[in-house]
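**Student:** Below are the chains, spelled out letter by letter.
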Amino acid sequence: MIRIKFSPQWFYGYDAAIDIVSVIVLGLLAFYAYKIFSFTGRKRDKYFALSFLSIALAFLSKVAMNLVIYYPKINKVAYDAVNLTVQYTGQSRLAYVVGFLFYRFLVLLGLYGLYYVVTKNKNRYDIAIAMGLSTIIILFSSSQYFVFHVASAIISAGIVYNYLWYNRKQESKERLRVGWAFAAIFFSQLVFILTIFHDYFYVAGQLIQLVGFLILAYTFYSIVIKK
Amino acid sequence: MDIINDMLNSIQQKGGRIKPTHLMYKANLSHKLLNSYLEELITKEMISKVDGKTGNHYIIIKDKGIDFLNHFRKMREFQDTFGL
Chain A
0 MIRIKFSPQW
10 FYGYDAAIDI
20 VSVIVLGLLA
30 FYAYKIFSFT
40 GRKRDKYFAL
50 SFLSIALAFL
60 SKVAMNLVIY
70 YPKINKVAYD
80 AVNLTVQYTG
90 QSRLAYVVGF
100 LFYRFLVLLG
110 LYGLYYVVTK
120 NKNRYDIAIA
130 MGLSTIIILF
140 SSSQYFVFHV
150 ASAIISAGIV
160 YNYLWYNRKQ
170 ESKERLRVGW
180 AFAAIFFSQL
190 VFILTIFHDY
200 FYVAGQLIQL
210 VGFLILAYTF
220 YSIVIKK
Chain B
0 MDIINDMLNS
10 IQQKGGRIKP
20 THLMYKANLS
30 HKLLNSYLEE
40 LITKEMISKV
50 DGKTGNHYII
60 IKDKGIDFLN
70 HFRKMREFQD
80 TFGL
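Chain order of the listed sequences is A and B.
For the first sequence, the positions run 0 to 226 when numbering that gives the first Met the number 0 is used.
For the second sequence, the positions run 0 to 83 when numbering that gives the first Met the number 0 is used.
Please note: incorrect hints may appear among the correct ones.
[To be verified] EDC-like mimics (lysine to aspartate or glutamate), calculated; alpha carbons at most 16 Å apart, straight line: (1) Lys225(A) with Glu76(B); (2) Lys73(B) with Glu173(A); (3) Lys172(A) with Glu39(B); (4) Lys168(A) with Asp79(B).
Simulated from the structure, these hints should not be mistaken for lab results.
In this text, all values refer to a predicted model and were calculated from it rather than measured experimentally.
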């Protein structure tokens with residue numbers, strides 16, 4: 000049987016609300032970065048914007064999938080297709096695979112994009128190869144959920160390391176804050192892996208991830224809006 | 000964009016008003032290049048030329064120029080913060 004729901008029942012809808020907040024934060028960052036690109040014309044700025052957009056779209060698709068699974072009244076036809084009580088049917092597998100694979104692919108694409116940009120990696124093929132391998136491993140893994148979160152944690156760790164490493168030379172409060180935001184996102188991925196033991200870890204992971212995105216939101220506010 | 004930012008910054012640092020020759024030295028531009036940028040900035044209404052009491056010409060920064068400086072500063076800070 001496929002396990003589709005990881006959230007405890009009392010948390011239904013709250014995780015979707017948290018993901019919507021994440022979509023808004025990511026969307027703002029993507030929008031501003033794209034505005035900078037339209038000004039500078041630098042590809043790096045464009046890739047940065049597209050990376051955040053990719054993750055924003057991923058969370059949007061996750062919200063849609065979760066609402067369909069949690070609230071059958073929203074779309075009874077889709078609910079029947081997912082067929083939760085169940086059996087391993089071709090239809091439910093397809094709905095699950097398409098929905099969450101799309102989410103996982105976009106998150107990994109976005110994280111790899113961010114990693115490529117912040118590490119100023121000159122070789123795009125390194126990233127493309129890593130991305131391709133990750134997708135294949137996740138797609139064909141029997142534990143897609145956990146492999147995905149391990150992969151996300153590894154890439155996030157690389158991003159965190161880059162921000163905190165470079166901050167030691169040019170001390171910047173805002174950059175340190177961004178480093179800590181990605182550290183929260185990295186930590187949340189590790190906590191999601193622990194969902195195997197108890198659903199409450201899913202709740203904890205969602206909350207820690209939310210903290211990460213709120214720190215990014217505050218950083219955006221302090222740079223772009225406040226001053 | 001960096002050159003325009005440097006020019007507008009130089010004007011702002013001089014209290015919003017500067018002589019063209021001073022601007023040329025501060026922004027490290029040739030006379031020809033300076034004039035070309037000044038024309039562009041005047042067209043975009045970021046600066047204007049005024050005559051001083053002693054017959055000298057001055058460049059003054061306008062509101063659009065100050066807005067540009069603010070936006071450019073925020074943009075740079077965003078880029079530095081996120082390591083772009």
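**Student:** Below or equal to 16 Å on CA atoms is what counts here, so check Lys172(A) against Glu39(B).
**Tutor:** violated, 36 Å
**Student:** Check whether the Cα positions of Lys168(A) and Asp79(B) lie no farther apart than 16 Å.
**Tutor:** holds, 13 Å
**Student:** Would you check the hint for Lys73(B) and Glu173(A), treating anything up to 16 Å between C-alpha atoms as holding?
**Tutor:** Roughly 12 Å separates the two Cα atoms, so the pair holds.
**Student:** Between Lys225(A) and Glu76(B), is the straight-line Cα distance small enough, at 16 Å or below?
**Tutor:** Judged against 16 Å, a Cα distance of about 13 Å means the pair holds.
The structure is inconsistent with hint 3 alone, although it conforms to all the rest.
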